[in-house]
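Residue numbers (this note's numbering), protein chains in the order written: chain A, 1 to 321; chain B, 322 to 678.
Quick caveat, the hints were computed from the structure, so don't treat them as lab data.
Note that beta-carbon positions come from the ideal geometry of N, C-alpha and C, so glycine has one too.
Worth double-checking, as some hints may not be accurate.
Short, incomplete list of chain B residues facing chain A, as computed with Cβ under 8 Å [said to hold, decoys possible]: (1) A367; (2) D438; (3) C658; (4) S661.
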Amino acid sequence: MSITYLEAIREAQAKALADDPRVFIYGQDVGEFGGAFKATKRLAQEFPGRVLDAPISEDAIVGAAIGAAIEGMRPIIEMQYADFSTPGFNQIINQAATLFWRTRVPCPITIRMPSGGLAGGGPFHSQCLEGLYAHYPGLIVMTPATVEDAYSMLLEAVAIDDPVIFCEHKHLYYHLKAPALPTDAMPVGKARVARAGRDLTIVTYSAMLHEALAAAEEIALEGEEIEVVDLRSIKPLDTDTVVASVARTGRLLCVGEAFPWGGVTAEVIARVATEGFGLLDAPPQRLNAKDTPIPYHPDLWSVHRPNANSIGAAARNLLRM
Amino acid sequence: MRDRLHPMLHSEENPRTPEAPPPFPAQYLKAYRFMLLARVLDDKIASLGRAGKIHGGVFLGRGQEALSAALGMALRPGDIFAPLIRDGAGRLAFGEPLLDAVRTCLGSALGPMRGRDGNVHRGRPKKGLLPMISHLGAMISVVNGALMARRFNHVEGVVGAACVGDGGTSTGAFHEALNQAAVEHLPLVLVVANNQYAYSTPTRRQFACKDLSDRAIGYGATPHKADGTDLEDCLRVLSTAVAQARAGGGPQLVVASLLRLCGHGEHDDAHYVDAKLKESALGRDCLQVAEERLLREGWADSEALLALRQEVTREVEAAAATAQREPAPDPFKEDWCALSSRHLREIFEAPIPSIPA
Ligand SMILES: Cc1ncc(C[n+]2csc(CCOP(=O)(O)OP(=O)(O)O)c2C)c(N)n1
Ligand SMILES: [Mg+2]
């Protein structure tokens with residue numbers, strides 16, 4: 001028996017629906033069809049009336065979720081792709097994110113965003129918007145990189161009283177498998193040392209974790225040990241774990257699949273520079289996607305975002321600095 | 322095949338007064354040819370997709386060719402056209418080269434999108450053919466803006482057309498743009514292909530009005546309804562709507578009823594499509610309906626139609642063969658810059674010289 005990242009997301013939603021009558025799922029094609037990626041497969045049949053197909057109206061989808069949350073429900077929204085959350089952006093950042101701060105009424109909604117690239121996805125089916133959402137006060141942004149985290153963090157997202165942007169990576173849906181669902185979980189807001197090392201720290205999250213781990217294994221053959229930190233959630237961001245790792249290695253490389261301007265990698269470096277400047281033996285480095293829209297052709301796409309090769313090259317370069 | 326066509330169809334050899342429209346059967350046959358070309362092209366793209374030669378999704382317009390071709394034919398060079406996913410026929414009728422389609426699907430570096438964007442996301446803005454983004458409803462206001470620019474520049478007699486599906490009518494963008502077009506009294510023709518489904522979602526989960534065309538009144542647009550399975554009806558309705566917009570009648574909302582005769586994309590078996598709908602008049606294949614009409618009226622015989630199909634197939638095969646021989650975009654030579662103001666470009670220094678892996 002093994003379970004994929006996608007199945008874990010499906011199972012977490014099934015458990016949330018079973019455990020809490022306040023939970024419902026709303027999104028395009030999530031009903032009988034089971035969602036564009038099958039993340040809600042059979043949930044409409046198993047939980048009649050609680051898994052609803054939405055019109056193609058992202059603004060109204062999020063707005064309705066907020067209204068239901070005010071009335072005490074705990075909606076899970078599926079965006080068909082993270083890219084299509086932008087017509088709902090206003091409701092997310094101006095309504096959901098500000099509600100508690102303005103009124104003391106919490107807004108417990110979970111917005112699932114199938115994120116990131118698959119070859120051939122092109123500019124509008126590949127985006128990573130976590131940095132954009134993390135920019136806004138009032139939102140929690142989760143970026144699970146493992147099957148276990150996909151499951152336990154989604155359950156936690158539903159339980160949390162604040163709006164959660166849940167960035168699930170499409171490339172991991174089918175590629176990533178675990179023997180079973182987890183029985184316990186790390187708390188949200190804690191990063192995890194995914195690989196111990198002494199020579200350099202790579203801080204990353206989501207699908208880039210696996211590229212970074214592959215690069216670290218290769219470099220291990222050359223005798224250098226890279227520590228890889230999986231942020232798990234980018235907001236809150238576990239600065240302590242990152243700084244502790246940099247204290248051990250003295251070198252920092254941040255890797256993200258999102259566009260290079262600002263974002264998670266810049267935030268991590270800013271924090272380490274502020275809180276742990278003296279720990280650094282070399283200038284901190286970062287690796288992101290290129291500063292262009294995401295290209296369609298796989299030959300362009302595979303170079304547009306970081307991968308094990310480019311991460312390995314960046315790490316080797318930093319080791320020599 | 323010429324000889325086998327009804328003599329009336331040789332319109333060039335039958336000169337009439339220059340302003341007179343070509344005779345109806347000639348229009349019909351011309352539209353049929355675009356429909357057939359689009360269908361054969363779709364079949365080729367589907368087979369390239371099955372052979373693993375297409376990256377990402379494969380989206381077809383099967384069942385929507387009559388509506389799409391009728392719209393493309395009602396437009397003229399100089400007009401503005403924002404087609405959507407299932408408008409292969411309309412694109413061809415508007416003048417999009419066949420090669421643009423195949424090259425974009427195959428990601429050829431020589432195509433209009435240079436491998437940067439794919440499949441149906443293609444166009445030539447300077448020729449009035451706007452390249453869709455995926456976000457549904459987003460193209461309509463862009464057409465509005467292009468029409469406003471024409472008005473600023475005192476260019477008259479222009480029409481802008483945008484296509485959208487039944488699902489796309491639920492977007493805020495659709496509402497904003499149709500209202501905007503009405504407020505500005507723009508010559509917009511907004512064509513809704515109500516193919517009964519948005520991916521798996523049936524229209525009853527998409528809208529609750531009796532008829533989408535009723536919405537036109539609320540916006541201050543003129544409603545039109547068409548039977549999307551019947552080429553004659555499509556030709557009549559679209560030419561009327563386009564003519565009214567051109568004559569200063571303001572925005573026109575055309576709602577055509579039909580059925581999507583394929584999956585949402587080729588990955589989708591469309592098992593959720595109601596069997597009753599497939600057997601109903603809506604489920605008719607517009608191409609077959611048109612073919613039967615051509616034969617029944619004696620506007621073409623079966624040998625002529627066969628010859629036409631062969632001719633069209635040769636065209637498609639030639640385009641596919643050309644595009645398949647063409648180079649893929651080269652990441653080493655790619656200009657990784659999204660700005661046209663090159664001097665304002667920012668370089669994000671990678672921790673390694675930016676060598677593609
Ligand atoms: C704003 C937005 N939300 C979601 C999607 C994902 N999506 C792509 S096509 C589609 C269904 C479209 O249905 P319809 O408008 O009826 O067009 P059809 O596919 O039937 O031609 C959806 C939901 C999208 N492209 N844009
Ligand atoms: Mg539809």
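Consistency of the hints with the structure:
1. A367: violated, 16 Å
2. D438: holds, 5 Å
3. C658: Where the cut-off is 8 Å and the nearest Cβ of chain A is about 7 Å from C658(B), the hint holds.
4. S661: violated, 12 Å
In terms of the numbered hints stated before, the structure departs from hints 1 and 4, listed from lowest to highest.
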